[in-house]
Amino acid sequence: MAKAPTFRTCPDTGLKIHSQAEALIKANAVVAVVYLLVGGLLGLGVALTRWPAVHLLDAETFYAVLTAHGIDVLLFWIIFFEMAILYFASAILLNSRLAAPWLAWVGFAMMLVGSVIVNYAVLQGESSVMFTSYVPMQAAPEFYLGIILFAVGALIGCMVFFATLVVAKEEKTYEGSVPLVTFGAVVAAIIAVFTIASGAIILIPTFLWSVGIISEIDSVVYKIVWWGMGHASQQINVSAHVAVWYLIAAIVLGARPISEKVSRFAFLLYILFLQLASAHHLLAEPGISSEYKVFNTSYALYLAVLGSMIHGMSIPGAVEAAQRAKGFTHGIFQWLRRAPWGNPAFSGMALSLVMFGFLGGISGVILGTEQINLIMHNTLYVPGHFHATVVAGTTLAFMAVTYLVVPLIFRRELIWPGLLKWQPYIFAVGVAGISVFMMGAGTLGVARRHWDITFSDSIFSFDYPPAAFLMMGLNGISAILAALGGVIFILVVVGSILFGKRREEAAAREAPMLTPAAMTYGTAGTWHLPGTYILVGVFFTAFVLYYFINWKFLSEVWPLS
Amino acid sequence: MAISPPERRLWWKEPIGRAEVIWIAVAFVWGLVMFSAMIYWHIVGEQNLSNEAYRVDPEVFAARAEELADKYKVREDEVTGYPIVHPPPGSDIYLIARLWEWWPIFELEEGQNYRLHLSSLDWQHGFSLQPENINIQVHPNYDLVLTVTPSEAGEYSIVCNEFCGIGHHIMVGKLLVVE
Numbered sequence: 001m002a003k004a005p006t007f008r009t010c011p012d013t014g015l016k017i018h019s020q021a022e023a024l025i026k027a028n029a030v031v032a033v034v035y036l037l038v039g040g041l042l043g044l045g046v047a048l049t050r051w052p053a054v055h056l057l058d059a060e061t062f063y064a065v066l067t068a069h070g071i072d073v074l075l076f077w078i079i080f081f082e083m084a085i086l087y088f089a090s091a092i093l094l095n096s097r098l099a100a101p102w103l104a105w106v107g108f109a110m111m112l113v114g115s116v117i118v119n120y121a122v123l124q125g126e127s128s129v130m131f132t133s134y135v136p137m138q139a140a141p142e143f144y145l146g147i148i149l150f151a152v153g154a155l156i157g158c159m160v161f162f163a164t165l166v167v168a169k170e171e172k173t174y175e176g177s178v179p180l181v182t183f184g185a186v187v188a189a190i191i192a193v194f195t196i197a198s199g200a201i202i203l204i205p206t207f208l209w210s211v212g213i214i215s216e217i218d219s220v221v222y223k224i225v226w227w228g229m230g231h232a233s234q235q236i237n238v239s240a241h242v243a244v245w246y247l248i249a250a251i252v253l254g255a256r257p258i259s260e261k262v263s264r265f266a267f268l269l270y271i272l273f274l275q276l277a278s279a280h281h282l283l284a285e286p287g288i289s290s291e292y293k294v295f296n297t298s299y300a301l302y303l304a305v306l307g308s309m310i311h312g313m314s315i316p317g318a319v320e321a322a323q324r325a326k327g328f329t330h331g332i333f334q335w336l337r338r339a340p341w342g343n344p345a346f347s348g349m350a351l352s353l354v355m356f357g358f359l360g361g362i363s364g365v366i367l368g369t370e371q372i373n374l375i376m377h378n379t380l381y382v383p384g385h386f387h388a389t390v391v392a393g394t395t396l397a398f399m400a401v402t403y404l405v406v407p408l409i410f411r412r413e414l415i416w417p418g419l420l421k422w423q424p425y426i427f428a429v430g431v432a433g434i435s436v437f438m439m440g441a442g443t444l445g446v447a448r449r450h451w452d453i454t455f456s457d458s459i460f461s462f463d464y465p466p467a468a469f470l471m472m473g474l475n476g477i478s479a480i481l482a483a484l485g486g487v488i489f490i491l492v493v494v495g496s497i498l499f500g501k502r503r504e505e506a507a508a509r510e511a512p513m514l515t516p517a518a519m520t521y522g523t524a525g526t527w528h529l530p531g532t533y534i535l536v537g538v539f540f541t542a543f544v545l546y547y548f549i550n551w552k553f554l555s556e557v558w559p560l561s
Numbered sequence: 562m563a564i565s566p567p568e569r570r571l572w573w574k575e576p577i578g579r580a581e582v583i584w585i586a587v588a589f590v591w592g593l594v595m596f597s598a599m600i601y602w603h604i605v606g607e608q609n610l611s612n613e614a615y616r617v618d619p620e621v622f623a624a625r626a627e628e629l630a631d632k633y634k635v636r637e638d639e640v641t642g643y644p645i646v647h648p649p650p651g652s653d654i655y656l657i658a659r660l661w662e663w664w665p666i667f668e669l670e671e672g673q674n675y676r677l678h679l680s681s682l683d684w685q686h687g688f689s690l691q692p693e694n695i696n697i698q699v700h701p702n703y704d705l706v707l708t709v710t711p712s713e714a715g716e717y718s719i720v721c722n723e724f725c726g727i728g729h730h731i732m733v734g735k736l737l738v739v740e
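As they're listed, the protein sequences go chains R and V. Residue 32 in the working numbering sits at position 32 of the first sequence, with consecutive numbering throughout. Whatever position you read off the second sequence (first residue = 1), add 561 for the working numbering.
These are calculated hints, taken from the structure and not from any lab test.
DEER-style ranges, computed between Cβ atoms:
(1) S461(R) / E620(V): 27 to 37 Å
(2) S652(V) / S461(R): 27 to 37 Å
(3) P649(V) / A467(R): 30 to 40 Å
(4) S461(R) / I600(V): 34 to 44 Å
The calculated BS3-like cross-link candidates involving lysine-lysine, where the alpha carbons are at most 27 Å apart (straight line), are:
(5) K26(R) / K169(R)
(6) K26(R) / K501(R)
(7) K574(V) / K169(R)
(8) K574(V) / K261(R)
(9) K172(R) / K261(R)
(10) K172(R) / K574(V)
(11) K261(R) / K326(R)
Don't be surprised by glycine CBs; every beta carbon is placed ideally from N, CA and C.
Bound-form chain V, shown alone:
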C-alpha cells in the first residue's frame, strides 16, 4: 500500500494493466496534439503575439508617440481633451502606458494593418482591449511591436489589467475603429 515500503525489492517488475497502458498512450498522444496545436497556430492561425521587441528608453518612446500624435491629430475628445489621432493605415503607431492613462486616442480604419508599439513610461501595465478581450503585458524599457488588424468598427476601451498602484482602477483609455 501507498504508505508502506515495497516488500519486493524489484517492485518495478510488477505488471501493468492494459487499461492503464492505453490511458498513458491516450494522454501522451493528447499532449502531442496540444503541443502541435500551438505550432500549427503560428503557421496558419491569425492570432499570434509578435516576437518583435526592442529595448527603448522611456523618453525616446514618449517623444516618438508625441511626434506621431502632433502629426496626425484630427480633433480632440470633447469631454477629456485627449488628442484623437488618425494615422495612415500601415504606419507605426505608438501607444503610451503610464500612471494612470493610455495616451493618445487612436482612430483606426477597419480591416487595415497597423504596427502598434506598446511601452510603459513607468511601471508595468496591462493592455486589455475591451470588449474584444485581447490582453498583453506592457513593460517599461521594452517596445513590443505587433501588427493588428481591427476587424470591426466601433468604440473600444483599453483597461489596465496589471496592478499599477492606487490609481490602477481608473486607468482606462479609448480606441476608435471607423469604416
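Extracted from the complex, chain R is given alone in its bound form:
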C-alpha cells in the first residue's frame, strides 16, 4: 500500500508540491545533465576530429564516439529532461499528486539501465552503427535491447503523466482547462507515445534479427518505420521546448500569450501533423513514391510549420506586451532593448527562439523539400540543421529553464551569477557557428559521418573546395566555444545544487520569483505590438529568400528524372 502523499507549499507560487513528484523531477533532471556532459564532450571529440588540421581521434574511435554522441544527447539527455518536464507540467502546475510514483520510478530505472547498456555496447566498439543503426549493418544485440528498455521506461513515464492528468481532474485540484504549458506537455507526450510505438515496431524485430531469430530486415521498410521514431522524437522536443518558452516568458516577465486560443490551436496542429515528416529522411530513397514524399515531408500542407510560425509570433508578442505593460513603450524597440538580457533564463529562451526559427526552422523546411533534398541529402547540411533545432533550440531552452528549476525545485540560489550571465551567449554563439558552418560545408558537398575528407587513404583522390576546409576549421572552433558554454552550465548547476545558498522559505515568501500578477490567467490584452510585427516580417523575408535561393542552386545541377 502506497503511503499518503506528502506535500510542501511553494513559497514562490503558493502551489502544492508533491514530494515524490519533486524527487522524480530532480532524479530525471540530474541524469539528463550527466548525459549532456558525456554526450557534449563526445561531440567535442567529433568536431575536433572533423577539423582536418587537428584530426583528433582515430577512425575506429571516431565512429564509436559519433554513435555514442548522437544517442547520448539526442535520446538520453533530452528524454530524461522531458520526463522531468512532464512531471512538472502535470503534478506541479496542476497542484496535484503524481499518480503512482512507484511506477514512475520503475520507468526511470528502466531508462537508466537501458541507457547504460547502450553506452556499454557502443563504447565497447562492436556497435558503431550510428544513431540511425540502418540495417543491414548490425550492432551487438544489447545495443537494440538497451534502446528498447529505455523506450519502454519512457513510455511508462508518459503513462504516469497521463494518469496524473486524470487524477488532478478527478480530485479537482484545478478548475476548467489545463494551463497552456501543460497543454504543450500533453502534445509532447502524445507525440512521444507515437514515437515509442514506432520504435518498438522496428527495434524489436531488429533485436530478434541481431540474435539470429529473424533472417532479414528490409532496409527501406526499416527506415520508414525507424524514422517514425527518429524524426517524431525530435518533434517531442519541439513541443516541449515551445512549452518551455511560454513557461519562461511567464515566470520571468509575467508574459501572457497574445491569444491563448491561437497558441492552443498551434499546439493542436502539432498533434495532428507534427508526427509526419518521417519522409524527411526518405526523400532520396528508392521504392517510395513522390506523392507520399510530398505529402509527408510537408506535414500535409506545411500545417505543422504553420503551428511553429504561430508560436513564432505569439511568444515575442507576449514578451513585447508584458514589457510595454511595464512602461517600456518608447519607440518600436525599447521593450526589446530593456528586456532582462542579464537574466540567463530569459536570454537563453530568447536566443533559443531566434536560433530555432532562423537557423533550424528555415533550414529544416528547405532540407525537407523533396527535390532540394537532392543537393543536401547526407551532407553536413543535415547535422547543421539539426544542431540548430536540437542544440540551439531544445538544449538551450532546457538550460534556460534549469536556471528556474534550481531555485524553485532544488531550493538553491545559483552560484557565480556574474559568469552565468554570459553562459547563454557563449553557448549560443558556439552553436550558431556549429550550425552555420556545417550547413555551409554541406552546401559545398561535404559528407556527414565521415572521418577523413582529405581521402588520404583512398585509391582515388578527391579534393573538396578549400572553403570547405575553412568551414570545418570554424566548425571546430565553434564547437570549443559551445563546449565551454556547456561546461559553465554544468559547473554552475551542479555547484549550485551541491553548494548553493539554501533558499529559505521565509525569504522566498518575501521576494517570490513570480509576481502575483504572473500567477493570474489572461491573455496579453493588447494588439499594439509593432516591434513583434517587424521581427516577424524580417523572419518571413529571410525564409522566402533563402527558400528560392535553394531552388536556384538545385536548377543548376545535372538534369535527372
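With the hints as your guide, set chain V onto chain R.
This is chain V only, laid out in the frame that chain R set:
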C-alpha cells in the same frame, strides 16, 4: 497566463487580433506555395528523383554490371586498373556500390541521357556526385533507375556519404564526362 488554468471555461471565445489573423493567413498561404512548388517542379523542373525502382538480387545486379563493363570497356585506369566503360548514349548502365568501392568507372558523353541503375551489394551506401553535389541513397536489394544527363564535361568523383563501416571514408569512385 501560460502556467495557470483559464479562468473562464469558455476561453476559446476570446477575441483574436487582426495582426495575428493576418499572420496566420500569410503563413498558411506560404505553406500552400511551398507545397505547390514541389508539384510544380515535377511538371516543369529538370531535377526530380525517379520513382522507378525494382527489387533485385545483389548477384543478379552484379552480373548485369559485369556484363556491361566487359562489353563496353575502352581502357583501364592507369593508376588503379579499374575498367573505364564507355556505354552508348541512351543505354542502361549499372553502377555497383559495395564495401568500399564504386565500380566501374563510367565515361559518359556530355548532353546525352543514360539510364543509371544504382544498387548496393551489401550495406547501404550514399551516392554523392562531387563537385556537382547530387546525393542519392543506395540500398541493397533495390535497383533505383534514374535518367541522368551530364551537362558538363570533366572528371567527377563519387563519394560515399552513408556511413558503411570502418572503410567508409576511403570509398571514392570516379565518373568521367567527355564532350
